[in-house]
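J.: Below, each chain spelled out in residue letters.
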Amino acid sequence: MTPLEQIDRALAIAKRPDVIFTSYGDMLRVPGSTVDLFNVRAKGGDVRVVYSPLESLKIAQANPDKEVVFFAIGFETTAPPNAMAVQQAQKQNIKNFSVVVSHVCVPPAMEAILSSKKNRVQAFLAAGHVCAVMGYHEYLPISQKYKVPIVVTGFEPVDLLRGVLAAVKQLEAGQAEAENAYTRAVTLEGNLPAQKVVNTIFQPVDRKWRGIGMIPLSGLGLRPEFESFDAEKKFSVGEIITQESPLCIAGEILQGLKKPPQCSVFGKECTPSSPVGAPMVSAEGACSAYYRYHREEVSA
Amino acid sequence: MCLSIPGKITEIYTDGSLLMGKVDFGGALKEVCLDYVPEAQKGQYVLIHVGFAISVLDEEEAQETLSTLREMAALDEELSSDEIR
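As you go down the protein sequences, you meet chains A and B in turn.
The first sequence begins at 318 in our numbering and counts up one residue at a time.
The second sequence begins at 16 in our numbering and counts up one residue at a time.
Bound conformation, chain B alone:
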């Protein structure tokens, strides 16, 4: 099944009885249903699955993953500079 991807909420509105919004996936805007994340705010990142936001991403926790990524990149650099030597 199609995987979920994170995107940033740029707009929130209602369509009939449904809470909808526009989400930015790295430049591509798509309409998604926000009914399952009524607490979501404009500017927050949400996880989108088949056109529905299923989770609001915790920014602090996301930063932790990013710092692991940076650590890996740093380690990678260190290792490859070792190789050159």
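Next comes chain A alone, as it looks inside the complex:
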């Protein structure tokens, strides 16, 4: 989801000799306009993969002569861990730690898709782990307003089947409700302590989505009082103008308008080992899943 210029700004910071750049593993292969984080590392940049944002803090404490930057990205699920890292950095007065923030939120994106004239989506499976943090109360007005079933769904195969079944049952009965099919992990109100820390550190901001464009208030950014942890301000990266690959149709795929095999570079120039667009990068991306499990071409 992270727009190209955001990746390029992160790459510009990662290239600096005084910086140790830390990131979740799946961001390393996300292509910027010319290189990715792997290339930066290959050319001598100190790019490290962390499992938890708290590891970045430990790296900062162990390397007081370096600037440690963490790529704080993801949906509402990673927002609480990333917010906690910033809060701890402030509490422990760790000054050589900062973050590149590019958080995105599900409900505004859902509304952007549903309010589009081209919309073809009839029902949503709401990502269960986003809902574990945020609850699913935000989806009640959306399902009512757009008359679309929204089913909170877990990630085990049987959970997915349960979610699909619940959505189909609603569609057949002509219902449009926000329903929880992942009750073992999700409650209506979500994880309140996590939401509290997120709201302390971050605030809603307009966010550009890769391949889709700007969606108002669809992201999270640092609150002004935590500006000293903003890596983009710290290193004055400035404006970077980029151009997406004209061949990649990630935006249409993310909106359900086209399927990955309809893309001219799918499986050719764009593969999981050399992705052109974001949905080809991690295993749960639509293009990557099609690449792995799509059977049509084999039988054709």
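By construction, these hints were calculated from the structure, which means they are not laboratory data.
Please note: incorrect hints may appear among the correct ones.
Stated by the list, open to error - Far from chain A by the CB rule (all over 12 angstroms, computed), these chain B residues: (1) 21; (2) 23; (3) 26; (4) 27; (5) 28; (6) 39; (7) 42; (8) 56; (9) 57; (10) 64; (11) 69; (12) 83; (13) 92; (14) 93; (15) 96.
Claimed, not checked - Listed next, the in silico EDC-like pairs over lysine to aspartate or glutamate satisfying Cα-Cα at most 20 angstroms (straight line): (16) B/37 <-> A/372; (17) B/23 <-> B/76; (18) A/375 <-> B/46; (19) A/408 <-> B/30; (20) B/45 <-> A/372; (21) A/525 <-> A/569.
The structure presented is a predicted model; accordingly, all values stated were derived computationally and were not measured.
Even glycine gets a Cβ: it sits at the ideal position worked out from N, Cα and C.
Following the hints, complete the assembly by docking chain B onto the known chain A.
T.: For chain B alone, coordinates are given in the frame of chain A:
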């Protein structure tokens, strides 16, 4: 983004101001932050995302999913024995 996975809490302690713990992922032990699930108890299952527990799993509800799984397995067996016949 990396998916969340469930694990069982085997130990709870504090590190500075943070509530931390050890979680067993089917044999592999990992340190995780439990600050967002202060109600969690040793022996409970929690959902872990990037080193943080984000939800305590409800065992009763989990049993329901497991019974669906078992039903599917039973159905699968029934169908394949039909095929043999």
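J.: Each hint needs a verdict: does it hold in this structure or not?
T.: Checked hints:
For residue 21 of chain B, the non-interface assignment is contradicted: its Cβ lies about 8 angstroms from the closest Cβ of chain A, within the 12 angstroms cut-off. Every CB of chain A lies more than 12 angstroms from the CB of residue 23 of chain B, the least distance being 14 angstroms, so the non-interface label holds. Here residue 26 of chain B stays apart from chain A, with its beta-carbon at least about 17 angstroms from theirs, past the 12 angstroms limit. The claim that residue 27 of chain B lies off the interface holds: its Cβ sits roughly 16 angstroms from the closest Cβ of chain A, which is beyond the 12 angstroms cut-off.
Non-interface call for residue 28 of chain B relative to chain A: holds, since the shortest CB-CB distance, roughly 15 angstroms, exceeds 12 angstroms. No beta-carbon of chain A comes within 12 angstroms of the beta-carbon of residue 39 of chain B; the shortest separation is about 16 angstroms. Here residue 42 of chain B stays apart from chain A, with its beta-carbon at least about 17 angstroms from theirs, past the 12 angstroms limit. Listed as outside the interface, residue 56 of chain B is consistent with that label: its C-beta sits roughly 16 angstroms from the nearest C-beta of chain A, beyond the 12 angstroms cut-off.
Residue placement check: residue 57 of chain B keeps its beta carbon more than 12 angstroms from all beta carbons of chain A (closest about 19 angstroms). The claim that residue 64 of chain B is not at the interface with chain A is violated, since a C-beta of that chain comes within 12 angstroms of its own (minimum 5 angstroms). For residue 69 of chain B, the shortest C-beta to C-beta distance to chain A comes to about 5 angstroms, within the 12 angstroms cut-off, and the non-interface label is violated. The claim that residue 83 of chain B is not at the interface with chain A is violated, since a C-beta of that chain comes within 12 angstroms of its own (minimum 6 angstroms).
Non-interface call for residue 92 of chain B relative to chain A: holds, since the shortest CB-CB distance, roughly 16 angstroms, exceeds 12 angstroms. Residue-level check passed: residue 93 of chain B sits 17 angstroms from the nearest beta carbon of chain A, beyond 12 angstroms. Every Cβ of chain A is farther than 12 angstroms from the Cβ of residue 96 of chain B; the closest lies at roughly 22 angstroms, confirming the non-interface assignment. Restraint check: the Cα-Cα separation between residue 37 of chain B and residue 372 of chain A comes to about 16 angstroms, which is no more than 20 angstroms; the hinted pair holds.
The suggested pairing of residue 23 of chain B with residue 76 of chain B holds, with an alpha-carbon distance near 16 angstroms, which does not exceed 20 angstroms. The hinted pair formed by residue 375 of chain A and residue 46 of chain B meets the criterion: a straight-line CA distance of about 14 angstroms does not exceed 20 angstroms. In summary, the hint linking residue 408 of chain A to residue 30 of chain B is supported, as the alpha carbons are separated by about 13 angstroms, within the 20 angstroms threshold. Only pairs whose Cα atoms come within 20 angstroms are accepted, and residue 45 of chain B paired with residue 372 of chain A is accepted, the gap being roughly 13 angstroms.
As the CA atoms of residue 525 of chain A and residue 569 of chain A are separated by approximately 15 angstroms, the hinted pair is consistent with the 20 angstroms bound.
Hint check: violations occur at hints 1, 10, 11, 12; the rest are consistent with the structure.
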